[in-house]
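Colleague: Those protein sequence lines, which keep their order, are chains A and B. The first sequence begins at 679 in this note's numbering and counts up one residue at a time. The second sequence begins at 2 in this note's numbering and counts up one residue at a time.
Just so you know, these hints were derived from the structure itself, not from any lab. It is possible that some hints are incorrect.
What the hints assert, rightly or not - List of simulated lysine to any residue pairs, SDA-like, C-alpha gap at most 20 Å: (1) A:K781 <-> B:T18; (2) B:K102 <-> A:L859; (3) A:K784 <-> B:E15; (4) B:K75 <-> A:L859; (5) B:K112 <-> A:Y865; (6) A:K842 <-> B:Q83.
Claimed, not checked - Simulated DEER-style distance windows between Cβ atoms: (7) A:V801 <-> B:A210: 46 to 56 Å; (8) A:P845 <-> B:I17: 20 to 30 Å; (9) A:V803 <-> B:I17: 43 to 53 Å; (10) B:N164 <-> A:L697: 45 to 55 Å; (11) A:G813 <-> B:T18: 55 to 65 Å; (12) A:F703 <-> B:Q113: 58 to 68 Å; (13) B:I17 <-> A:L791: 24 to 34 Å; (14) B:T58 <-> A:P845: 24 to 34 Å; (15) B:T11 <-> A:F777: 16 to 26 Å.
Quick reminder that beta carbons are idealized off the backbone N, C-alpha and C, glycines included.
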Amino acid sequence: MARAVTAKRKLTFTVIGWLIGLTLFFPILWTILTSFKTEGEAVATPPSFLFFNWTLENYFEVQSRSDYFRHAMNSVVISFGSTLLGLIVAIPAAWSMAFSPSKRTKDILMWMLSTKMLPPVGVLVPIYLMFRDSGLLDTRTGLVGVLMLMNLPIIVWMLYTYFKEIPNDILEAARMDGASLGREILYVLAPMAVPGIASTLLLNIILAWNEAFWTLNLTASSAAPLSAFIASYSSPEGLFWAKLSAASTLAIAPILVMGWFSQKQLVRGLTFGAVK
Amino acid sequence: MGAITLEHVTKAFENITVIHHVDLEITDGEFVVFVGPSGCGKSTLLRLIAGLEDTTTGRIWIDGADVTRTPPAKRGLAMVFQSYALYPHMSVYNNIAFPLKMAGEDRGAIKQKVEAAAAILNLTSFLERRPAQLSGGQRQRVAIGRAIVRQPKAFLFDEPLSNLDAALRTNMRIEISELHQSLATTMIYVTHDQIEAMTMADKIVVLNAGRIEQVGSPLELYRKPANIFVAGFIGSPKMNLLEGAPAETRGAKTIGVRPEHILLSKESGEWSGVVGVAEHLGSDTFLHVQVDGIGSITARASGELGLAHGDQVWLTPPPERLYRFGEHGEAI
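Next comes chain B alone, as it looks inside the complex (with noise of 0.2 Å):
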């Protein structure tokens, strides 16, 4: 069991808050991403998830008992961290031990379990090594085999790809997927990086200056954004966001159109502009298109398109794929 429950949290330290009332729901085995900028209080609400922060008001619940004053050893939960934070004096088997022993097992127990962890994250090989003898890939399935081997209620995981490369995180980002779909146990996952969020999440929750913008699943935000905060972060390249004469005639203060939807001709089209900086991927090609009394404007085409800097190109978009937003930002 792992159902997790926010009740008006709010969270300050000195004069400044940093999370204003969340309420927020998490059922048990759901896979639940915080997403937002830095410093939109997303770690720090894992932080108080976990109990390494105190809530300044409100509490928590974890599988219907209230938690908010328990301390972290005492709530069930196992975190994994931004820099693995393992043990360095320790060898990988005890590291992967260590919550075993702190938990009382007995010893033939713990190396059953230490080595079927070590089995499911290919750490094998390494138990005798110290931490500083491993990779970054490895260090960082170690602190997932830390937090595995004692079964907890939920994984909360602290940015935990982003010490990685561009090509491990991608591995560890499936690894982890995996993990999840095979154990079937609640995950909290903090991440600055939406691709993260939009790819492993079942439920994202993204956050803004230490309050809630939105929570649904990765489709929902994507298709309806509640607000224009929302819209800009979710999806990439971000959504275009416009002002003025193209957004007043739609009857909004502003109006977005994702690059990917934006419908593209060499002959006609609503808006004309001139192409500034053309990123060809092979897959896709992304146009930053300059037009006249807009601004800049990123579109996206599928595949090869034969056009380049300074080429004239008439950009559409579809009405039915037009987000509207009122004055406050909110989405009409």
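Extracted from the complex, chain A is given alone in its bound form (with noise of 0.2 Å):
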């Protein structure tokens, strides 16, 4: 009896988390068939789900039209570029608040966090104003200092919840056997920290590769990335849902993909402390 309720229990949840899924994900699922339709379809109603003229029509066209590659080129600078930046600037700052923390260091970490609560908007005009004078406007070098200065204080809090969870006494255990601090970090700390720093690294580069505010802002041609890019086919002359979900595939799809395979190193890193 116990265990035909479980059944029944574990079928409906299975049903509810399904349900959930596919809800979260089909407006991706409806982008990636969309950029598949003619304009005229893609704006059909009802609208048609599977049985369309397939065509890549689209794809060509925005190629023709604005230079992808260009533009994902543009994405993997800007995203790799500030994350590694940020976790060099990072690493040292949330090792010495987890390891050996002065007074201040709680104020430190929420005086940090607290520049998230500004809305980014607050600051646009100064900061613009700032990259205008110094030549950084639509810039990649301009862009990879902007996004890691916004992302650096998720960079440091992750970096210092992973560092928390490493026992000081195995440090302390390195140092007494004869470890100096560099070989302390290299062969103690950092293999331990390894799948902290990864997800760390995994989570930015996504987070930097999605901004859209200051990539749209600061940039107009020569570093705008992938956002800029799908947002120049929401134009005044009005929407082509076709070509601005062409877009929107084939901007979102190398990071689906980079996702997708380091989804366990993802998973592993967000709960990290929560489920040991």
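Mind assembling these two chains? They're in different frames, but the hints should get you there.
Modeller: Take a look at the structure:
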């Protein structure tokens, strides 16, 4: 009897789980499907789900109208560059906060996080003017810098959380075993923190890849990443749904593939400490 | 060599002083146990010797060299932690080999030394395993292996047996004592368990609230406690400490008598009381007796005693086994 109830509950939860999953995935699926329709079919009522004339025309058009690979390369440089630079700054910061905390460490962490509470638009004008005056507008360097600074609080917080999970005893044992600070980091801390560093890296690449506010406002053409590439299809002449969908599909494809292959690492990273 | 000297060592965390002007001499090859209740500063004192904490004032000498500001890696000491602190991402072999690699020894020498240490500690068949695949006792042995492999000047043990079950603890206690005898290296061992202290130590250092209460051999501390604290801490069951009339008649503020020294009789004696709880251990019987006008007294009798809850019993403290303490708890 108990077994029957459990099986029934299991089935209900499975169905609910699938429904929620499909609902969340539906907009992405719909974008992908629309990208293979003609503009007419894309706006047809009622919309056709699978039975339409499949075409690659939108992809050709998008590529001929705007250079996908240039935008994609900008996205790669900006997202990877800002994340790596962020890690270089954040690892020593998180390290000292986790293993050599001071009286004010908690306050510093809160202060760093509080910068994320400010709406970005609140600092748009000063940052725009600084970028203009220093010649950083529409440059990859400028965007790498600004996105690094925007994501730095999250990187520091994530790394701090992972480092806090590493028992201090183990680092002290390495010190007693004759390891210098450099060797302690290289042979003991780094191998133990690799999962945490990797998931921080992945999450921040995704955040930087999808970032639209700063990339749209501080670029025009030469440093424009994929977010600007998508935005260029919602033009004043009207919306071209099929082309917009093709552009969106092309923009999200690389990060979707990366996310798919690293999902195990991401889930482990995001639930670190919660399920031990 | 492993002679360690502490000279006026003080340690304060912010405004709280946890170690107060400690002076201590540890001679080469000695097995010294730091014992005391939780929070008495025994682990802090060990960490100061290790170099994992900096002294606030005072100096630490190892083999005549001032190491007060020397980092832990350069003091030539090895430490076994309560949590074992094994490197989880390394095999048992690599855990034991780690200090040798850090010392820059060549691969052949490392292999030979690791295998020798593994043989001593019965770890040969576990060398390829990770720490997570070992039992508590095996992990503790790996931690000891990592310590002995580099032949340190002294071993520091920070409550190494407190995570093990009772049976394993007894075995490991014997193993560590045997290791000390075969290596003849200085060992400093921190514990709150006075049985470990009594059975293992050449010299016990009793600590209380960051101060050394007494230093001496286990039997010295048992026979001649310097004050009430040591008298109450060393010995199991605890010494009975009595104030009031029985102490005053003997010219003291407090008198103490160990449970095993009290003479028991069903007919006559100095104090009469009623048995509250009788704990029968087979070899011994612990009686918790409620004595009129004095309070609860614990007495230990050898073997089985025909006494149970509610029975009347007479207790007599033998004068030659009586401890007297003055106004400030000092032995008189």
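Colleague: With reference to the structure, classify each hint as holding or not holding.
Modeller: Verification of the hints:
1. With a C-alpha separation of about 18 Å, the suggested pair K781 (chain A) and T18 (chain B) falls inside the 20 Å cut-off, and the hint holds.
2. This hinted pair checks out: K102 (chain B) and L859 (chain A) have alpha carbons roughly 15 Å apart, not beyond 20 Å.
3. Only pairs whose Cα atoms come within 20 Å are accepted, and K784 (chain A) paired with E15 (chain B) is accepted, the gap being roughly 17 Å.
4. Taking the CA atoms of K75 (chain B) and L859 (chain A), the gap is about 12 Å. The hint holds against a cut of 20 Å.
5. Only pairs whose Cα atoms come within 20 Å are accepted, and K112 (chain B) paired with Y865 (chain A) is accepted, the gap being roughly 19 Å.
6. This hinted pair checks out: K842 (chain A) and Q83 (chain B) have alpha carbons roughly 19 Å apart, not beyond 20 Å.
7. At about 54 Å, the CB distance of V801 (chain A) to A210 (chain B) agrees with the hint of 46 to 56 Å.
8. For the pair P845 (chain A) and I17 (chain B), the supplied restraint of 20 to 30 Å holds, since their beta-carbon distance comes to about 24 Å.
9. Judged by the Cβ atoms, the range 43 to 53 Å given for V803 (chain A) and I17 (chain B) holds: they are separated by roughly 50 Å.
10. N164 (chain B) and L697 (chain A) have their C-beta atoms about 47 Å apart, which keeps the hinted 45 to 55 Å range intact.
11. At about 58 Å, the CB distance of G813 (chain A) to T18 (chain B) agrees with the hint of 55 to 65 Å.
12. In this structure, F703 (chain A) and Q113 (chain B) meet the distance hint of 58 to 68 Å, their C-beta atoms being roughly 59 Å apart.
13. Between I17 (chain B) and L791 (chain A) the C-beta distance comes to about 30 Å, which sits within the given range of 24 to 34 Å.
14. Between T58 (chain B) and P845 (chain A) the C-beta distance comes to about 30 Å, which sits within the given range of 24 to 34 Å.
15. Hint check: T11 (chain B) to F777 (chain A), Cβ distance near 25 Å, so the stated range 16 to 26 Å holds.
When each numbered hint is compared with the structure, no violation occurs for any of them.
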